[in-house]
Structures are given as structure tokens and as C-alpha cells.
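A.B. asks: Chains as they are written, first to last, in my numbering: chain R, 1370 to 1574; chain X, 1370 to 1574.
Think of the hints as simulated: they come from the structure by calculation, not from any bench. The structure displayed is predicted, hence computed values, not measured ones.
When chains are identical, the list treats them as one kind, so a pair holds in a single copy or across two.
No farther apart than 27 Å at their CA atoms in a straight line, the calculated lysine-lysine pairs in the DSSO-like style are these:
#  : residue 1 : residue 2
1  : 1372      : 1386
2  : 1531      : 1372
3  : 1386      : 1501
4  : 1531      : 1466
5  : 1481      : 1531
6  : 1475      : 1386
7  : 1372      : 1498
8  : 1481      : 1372
9  : 1482      : 1531
10 : 1466      : 1372
11 : 1372      : 1523
12 : 1466      : 1436
13 : 1425      : 1475
2 protein chains.
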Amino acid sequence: MGKSVLVVISGPSGVGKGTVARELLARSNGNMVFSVSATTRAMRNGEIDGVHYFFKTEEEFDDMVSKGEFLEYMRVFGRNYYGTPRGFVVDMLNSGKSVLLDIDVKGAMEVKKNYPEAITIMLVPPSLKTLKSRLIGRGTESAEAIERRLAEAKTELSYAPKYDFIVVNDDLEVAIGQCRQIIDSAMLAPAHCDEFISSLLNEEL
Amino acid sequence: MGKSVLVVISGPSGVGKGTVARELLARSNGNMVFSVSATTRAMRNGEIDGVHYFFKTEEEFDDMVSKGEFLEYMRVFGRNYYGTPRGFVVDMLNSGKSVLLDIDVKGAMEVKKNYPEAITIMLVPPSLKTLKSRLIGRGTESAEAIERRLAEAKTELSYAPKYDFIVVNDDLEVAIGQCRQIIDSAMLAPAHCDEFISSLLNEEL
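Construct all of the structure, not just a fragment, from the sequences and the given hints.
C.D. replies: Dropping the structure here:
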């Protein structure tokens, strides 16, 4: 295995996950890509198949499910299906690029089950009060919607002990630095240098 | 559990483990201490019980073994016994200090078995050739002794896949930086912030 890892990042709405994820990619020197999901929803203007999503019919999606081609998927009757194709992730990892997957707690647990080498990070707010202020600060949601998001946040946060790492997003730069530290040190696991170790062991003196 | 980890560092003779270990401690701002071993060997001039070693009689040592008070120990009849007392390590960790344990592969595997939360790092040379040059450069050992050390090095290196992390000591500063990254990110495991998570979950809004 090369110097690449699958990084799964979760966190409640309003925690700043999107910003952290974008910055991790932007600072990866091209060594990290976002995972591309498969979906049954219709392609929108400007979207490109294989870049924004892999656009699939329900039949194609079902076929991928039955062949075990998803690291995780969500299939609700009458709604659009979404899933993370294993093939794309594995191809990227084999080409030496790390893959970043921004996904909810249920999906993250599924990915970890199907791909145990994945590094799971939960981004958490310094306090629920801060999270609430950030949600209010967006100015886009009703008080009722904010209460619902806070309740969902508590549910998401209850999964924290199941994650490999917890990063508190208080100061954005600190949070990004900690994520990078986690990713960089994950690359130092023996699986990422098995070729080097065997070359050492077989070196002629 | 506080923000402290047990760090086990191993590596073949000549790899620069002592230097890396000392620098990790020196740069820890007092947040890390060396593990103190128990031994049956006689105290030497200038040594302090509980600082350099915990000096024990064979009977005391045997008693500690039978009570399961060692994370690992080496007891060879007719030679001095050495062991890593669990009590010292746990006391330090509970006081918020990380503990650094410089130990051979057999001892490291034993520690990991008895204390799975330990982070194990193997320091490896960039090549056996480099290791040989370093051993020769010391100018303290016969060609025969160097050959023996190289054979031992290969045995130690064969344990690399069982370690959590592999750090190549080519450039000393890079190696130290990687060790610090590993230690810092280990602190981000959920076990180190369970109180924070439960305070988040119980926060009144």
C-alpha cells in the first residue's frame, strides 16, 4: 500500500466540517481528493458524471449494492439513493492519493466496518452553545429548524467514542492542523511502508 | 483519562533511539517522563532509588512478578532482573504526564499486550548500510561485534509490522517531528476526551 489513507470526517451541522474538509484538500499539494458519491438523482446543469457524482439509474444502483460495490449507501424507497463506491476510493488510494469522505455518523460507521483501515475523525464544537450561535449566525433557518439541528447534533456527538479521533473546532487553524497531524501520522503505520521494511530486511551488505 | 499516553520506542542498536528519546523528553515542556525500571542489580555511585531505577531484591522482584505488577520483565537465572513497573507508569499517566519507554522488541510486544493503549513506535535506519556505517563510526566495537549487532538489527526489524508506527531516522529533526506528530495525534483519541464529550452531551442550552 502506498502513502495514502481514506479519511472519514463527520460532525454535526454547523461545526465547520465543510471548511475544514476544503482546507485539508487545498493544502494537500494534490495528494488528497474528495470521494465521489454515486446517486440516483438527476444530473443538474453544470454537473459532470464522475466528478460531482456518479449518476446511476435505480437499477444500476441496486446492482452495485448486490455486488457489494459500496463502502456505504443509503437507499430509501421513493427518495434519491446515495452511496460511496468502493472502486473509486480504492483506485485513488492505489494511485497514491488519499481520499476524504465527508459523511454522517451512520455512514461513517458503515465505512469503518467495510474498510477498517479508514481513519475516522469527528469534528466537534467547543460547546453546544457555540454550535447554536453558529447556526443562528447563518441566518438561514427558523428557530424550530435550529432546535431540530441541535437535537440531531447531540445524536451525532453520542457517536464520538466510536471514532478514531476527536478534533475540537474552536480555532479553525488548530483544527486543520490536528487533522493534518492525524493524517500524516496515519501514513507512518507499518502497512504504508511494508515494501521499505522488506527491502531493509533483504538488503545485502 | 487525561492528556497523556504511554509511548514505547524500539529500534536496533545504532539507529539513534537514545537521541530521539532524549529530544522528545527535552521538547515535551515537562509533559513527558522516562519510565523508571525496577532492577535487582546493585545501586551504583550517584544513582537514586526511584529516579534511575527502583532497586529491588530478588525476593521483592519475584513478589512483584507474582502480583502482576510489571508491564514487562526479564528474569534470567543468575543475571540481574529488569522490569517495567505498571504502578509508576499508571501514576504518571494519571497525573497527566506521558511516559516514554525505550525497550527492545520482546519487551515492547509484552507491554502492548498488557497495556493495549500504549503507542508503539519502531525507529528504523534508512538502510542497513547506514546502520553499519553508524556502528563503525562509533569506533567502539570490533568488526565481529558489529556483525552480531547487524544480525540482531535484522531480527528487531522483522518485528516492524507489529508496531503501531514506523519512523525512519534519516534526518534526526524529521524523525523527532514524526514522533511528536504520532504522540500529539494519539492524544486526540476519544479516550482522552471522554469527559469533554460527556459535558457536551449534557450541556444545558
